[in-house]
Amino acid sequence: MKTLALLAMLQSGGRVETITRTFGVDWPHLGAQIISFSILCAVLYRWAYRPILKILEERRQQIALGQANAEKIKAELDKTEVMRQEVLQKANAQGIKLVEEAHAAAARVQERETQKAIAEAQQIIAKAQEAAVQDHARMLGDLKREVGRLVVQTTAAVAGKVLTPEDQRRLAEATARQLPS
Amino acid sequence: MATTQKTKQRARQLFRLCTVNGSLDEGRVRLVAERAGSSKRRGARTLLTEFARLVRLDRREHTAEVETAVPLPSDLQATVQGRLKDAYGPGIEIRFAQKQELIGGMRIKVGSDVYDGSVQSQLAELEKSF
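Respectively, the protein sequence lines represent chains A and B. All residue numbers for the first sequence refer to the numbering used here, where the first residue is 1 and numbers rise by one. All residue numbers for the second sequence refer to the numbering used here, where the first residue is 1 and numbers rise by one.
One should not assume that every hint holds.
[To be verified] Pairs of lysine to aspartate or glutamate residues, derived as EDC-like cross-links and limited to a Cα-Cα distance of at most 20 angstroms, are as follows:
1. LYS99(B) to ASP167(A)
2. LYS99(B) to GLU173(A)
3. LYS161(A) to GLU67(B)
Keep in mind that the hints were calculated from the coordinates and are not lab data.
Build the full structure now, drawing on both the sequences and the hints.
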């Protein structure tokens, strides 16, 4: 410090001295203050400024990382949104397709059931017709048999009284002629 | 079983021996029946049963049953007898019977042969046709 004052004195001559005296500079006091301030600055730099800078750097990095993460998340979200939209579209298309298929299947089932019902109805009608024909034939047969029975019964009752001895003989001769000769 | 078959075979042989000119000789049949009936030999009873069956069949084959609704006139009876003897041989036995249910006509049965010209059978045919 003395060297500096001395140097100042040499360079500026008496002007410096005049200024120092005007402002009331006490060189030893000023030197002590400069030294103590430098020490304070060094201590502050070492124990306060650097940790704070370090913390700030860490915070900055964290913030940068957070921002990067946020951007990444945003990108992921955008991607997810796109995928969601795609999935939704796909699901929508699939749903429409399924509904169409269900409609087609329902139509097919309805058509098949209708055909089946028609076939069954036709079968029932055919059976009923067949049964009616059979009933008619059976009734006709019964009627014929009954008429035949009545005819035979009546003929049998009448024939015995109607046949004369000549008829009886003629009939007997006809049977005799059947014998092998 | 083999014994029964042999016994039946012997019965048939005996039956053939009892046949003379196509008709059964009654004397021989009686002789065979008496001998078989009195025999104590094993199978004699089976032999007699089989022999009797063959005789019955033969009698049925040589018996004619003539059925009519009204009594048959004698001339027609003679005609029928003559025809039956011509057809089945002189050994045939002829029986005449009256059956009013025939209504009219005549039915002749000789063994399994049937000549049916009765009104009853014709009415039955008519009924069947309905």
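* Unmet hints by their number, sorted upward, for this structure -> none
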